[in-house]
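Asks: If you want the building blocks of each chain, they are given just below.
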Amino acid sequence: MERRDFLKRTGLTLGFLVAPGGLLRVVDAHACGEEGDVDLNAWVHISNSENTITVKCPTAEMGQGNYTAIPLLVAEELDADWRTIRVEQAPAEKAYANPDDFNVQGVGGTRATQGYWRTVRLAGAQARAILILNAAREWGVSPAECNTEPNNVVHAAAGRKMSYMEVAKLDNVTLDASLITEKHLKPSSQWRLIGRDARRLDVPLKVTGQARYGIDVQIPGMLYASILRPPVAALPQPLYGDGAENGPMKVDSAEALKIEGVVKVVELPHAVAVVGTDYWATVLGKRALKVEWRNGSLASQYDSEAKKREWATLAADRALKGRTFGNAGDFDAAFKTAAQTLSADYVTDHAHHACMEPFNATASMMHNDMELWSPTQGQTWAQQVCAKVTGLTEDKIRVHTTFLGGGFGAKTEQLPNAETAMLSKIMDKAVKVIWSREDDIKHGAYRPLAAQHLDAAIAADGRVLGWSHRVVADSVLARVRKTAWDQNPAIDSAVAVGMTQPYGIPNRHHEFVHQASGVPVGYWNAVGSGYTIFAVESFVDEVAAKLGKDPLQLRIDLLTDTRGKAVLERVRKLSDWSRPHDGMAMGVAYNHGGRGHGQIAQVVEVSVNRSSGAIRVHNVWAVADSGAVLQPRHLRQQLETGIIWGVSAALREQVTIKDGVVRQSSFNDYPVPRMDEIPEIHIELLQGGPELLSGAGQLGVAPMAPAIANAVYRLTGARLRALPMLPERMKLALGVMQGLGKQRIDSAT
Amino acid sequence: MAQKITATLTINGQRQTITAAADTPLLWVLREQLKLTGTKFGCGAGQCGACTVHLNGQPVQSCLQTLQDVAGKTITTIEGLSKDGSHPLQKAWLAEQVPQCGYCQSGQIMRAAGLLKETPRPTREQIVEYMSPNICRCGTYARITRAIERAAKEMAA
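Heads up: the sequence lines are chains A and B, in that order.
Numbering-wise (this note's numbering), the first sequence opens with residue 1 and increments by one.
Numbering-wise (this note's numbering), the second sequence opens with residue 1001 and increments by one.
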């Protein structure tokens, strides 16, 4: 059968398919390339023989539902029958770059649906147009006379139709993809799939143990590696440094090499790897190593407790200039002439991701090609770092993205990929690197520690005329996007997200003061907004208290955004905000999303155990507006995850560092929530319109801490200005208050 | 280092003979030697429950059991809970759409299976107490609870 070149047959690929209600199965290489199996474009593959339509998902599935949401968007415009849709992970290729993520292939910062929203719907519409074109050509009619119904091209005038699978068998022609533009996309009123719950395509694999995560990859004859790391927190970004400043100085591997199964001890620039035939042997080998370390980075002088005090002083010192952004009016003038002023300082500790699946990766380098299997959030980065450490060119690195056992920003990190690439090259075999839980916690990409100083200028009549917010922290971008940062060290979007004032205050000042620490700080779930929104939303309550106003009403009064007002109005009703409480109190916080146009208002109901200092969150009411609701159940799941993260980050998650060494090591001293600590969560979704679509993965995280702090204040009169709100901090604040009477209370830091 | 031993165990109904260092955790025997990768490594210290399997019918954390400990015993992993994903808990997990990242879910389901064996109609409090050793970082706990209640109902019917 002849075929035009531009419609290529599927090559012999070995991939993994996920079917609705179905099982993981390897795509049979022989089944591909059969008549009627075609790639309509980079995103859509039709198989006549299997009666399936496979959509390539560009980004990783890490629990956020990409493997369902992306195919659903394609299927909507393709006019596909959802039951025939399969999803397959796309390889790392330029065609799959995320327009909203520095135009590289990857996901983070709630950018998946928001980023690919337009691209993948266009891909679906283009594929549909190709199918119409070919059916029309077969019938000898104009494509304009044809339409589609699910999985069929229809020519109503002649009362005939042809299934997509049959069209795929024709001697196909394609069309110029650029002919299909946004104006060809369905209006939201015609959506058939978007907005209705589809069952997640990945779920069947995840209840039978068949979902394959990075750690599950098995290559015949492969070796395993455990890596001994320096005592000081170290997570080099391989594009910008090899980490040798903290690396091994002297290695005694004699005892390790005696262990049966240990094959080799490899000195890497930043660490020492024990390679063996089974993982347990490498764990024992790692324990038997004796290594002296260089300890030559700035991190060795880092003490998180001291930094909080030091940086809090800097935050309050307006003479120290940082980088300003989004400013308006003249805050200094407003502050000088204000009838009343208010100031407060907030400090927050480092936090860690603690993904259930620790870092790992598997690489196999053969001659001048390398395959990488990785639970990665960043495919393009993975290619770049593997190319860098092996000397291969990027096009020689094939990236297979597996399921991720949690990502939360951590798996944008590339060190595990670089480690396995280096080891595979040295060993000339496939090598799987698995990090221990202890290394995962002691060498993480921590949420930056931050000190913040806020000032408000208030007129005699109570109007808020000025607002200043200064944050002092290390920079995430200076570490993970160093080249771009060095070229344009403007504002660190990861660190400062959430600072920009959402309230209609005429004189506004936002400033970021960068302090280098040498400690690895990175992307975290909602990153900076975890502390910036804590400060903003706590301080709004402090202003309300000073003015004697209801804090929820003050927010509505100050906001100019009608969607913001709407989520607050709705949450007031949903939570029955003004009802009396017995031994409990409510607090509210609002988040304008940081990225995109997302809006959320959350109310919490808390109690405080005055003898232990423990804060308990009983209920959370959340009203969210993320533009359009693509999948109501997924959206609720995302918001619930965010809320639970937010509670955990607010009350307990804390990484402390002394002389550069992280003190925590596992789930015993870095506790994350368990089933007995989960509040009742009540969520309502509003829809501001598809043009305002925004990611929702992180929307729920940030408001939890200030909502809790605000509730605690209303309950006890004690204002907590440090995260996490540990029991000892709560007790201290209550004790101080008893000693001082109900004046201004600063929590201990 | 511990000596190598050869042990015979019954895993998912099949007798298996394993040769490995005596102190090798059952977790790694399952994952590497038997390729049963549904059982996950989370912490290696018995703190997260991702590696939960049944040992002689009881849920245990396989990272804390050595090959020597389990010689001669009977083990069930997520792959052996049912032949085709049809255990009432697996069906309930689907119906409630429990998993997100899913990494902890094999362990959650195996722990829940232990609960229903001991307490066929658990109260909400009993569920919460029994399931607390198992961490889910995505926070799917509310759906886990509902799925257990759904499965218990189905099994009683």
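For the record, the hints were derived by calculation from the structure and aren't laboratory data.
Quantities reported herein were computed from a predicted structural model and do not represent experimental measurements.
Note that beta-carbon positions come from the ideal geometry of N, C-alpha and C, so glycine has one too.
Check the hints yourself; a few may be wrong.
[Claimed, not checked] With a cut-off of at most 30 angstroms between alpha-carbon atoms, the simulated DSS-like pairs for lysine-lysine come out as follows:
id	chain 1	residue 1	chain 2	residue 2
1	A	Lys429	B	Lys1091
2	A	Lys264	B	Lys1035
3	A	Lys250	A	Lys264
4	B	Lys1004	A	Lys290
5	B	Lys1083	A	Lys264
6	A	Lys258	B	Lys1035
7	A	Lys94	A	Lys183
8	A	Lys429	B	Lys1073
[Unchecked claim] Stretch-level coverage of chain A by chain B, calculated; a stretch enters the list once three of its residues show a Cβ under 8 angstroms from a Cβ in chain B:
id	stretch
9	165 to 177
10	193 to 203
11	493 to 503
Asks: All hints, please: hold or fail.
Replies: Verification of the hints:
| no. | hint | result |
| --- | --- | --- |
| 1 | A/Lys429 / B/Lys1091 | violated, 41 angstroms |
| 2 | A/Lys264 / B/Lys1035 | holds, 24 angstroms |
| 3 | A/Lys250 / A/Lys264 | holds, 16 angstroms |
| 4 | B/Lys1004 / A/Lys290 | holds, 25 angstroms |
| 5 | B/Lys1083 / A/Lys264 | violated, 40 angstroms |
| 6 | A/Lys258 / B/Lys1035 | holds, 27 angstroms |
| 7 | A/Lys94 / A/Lys183 | holds, 25 angstroms |
| 8 | A/Lys429 / B/Lys1073 | violated, 35 angstroms |
| 9 | 165 to 177 | violated (count 0) |
| 10 | 193 to 203 | holds (count 4) |
| 11 | 493 to 503 | violated (count 0) |
Hints 1, 5, 8, 9 and 11 from the list above are not met by this structure, while the remaining hints are.
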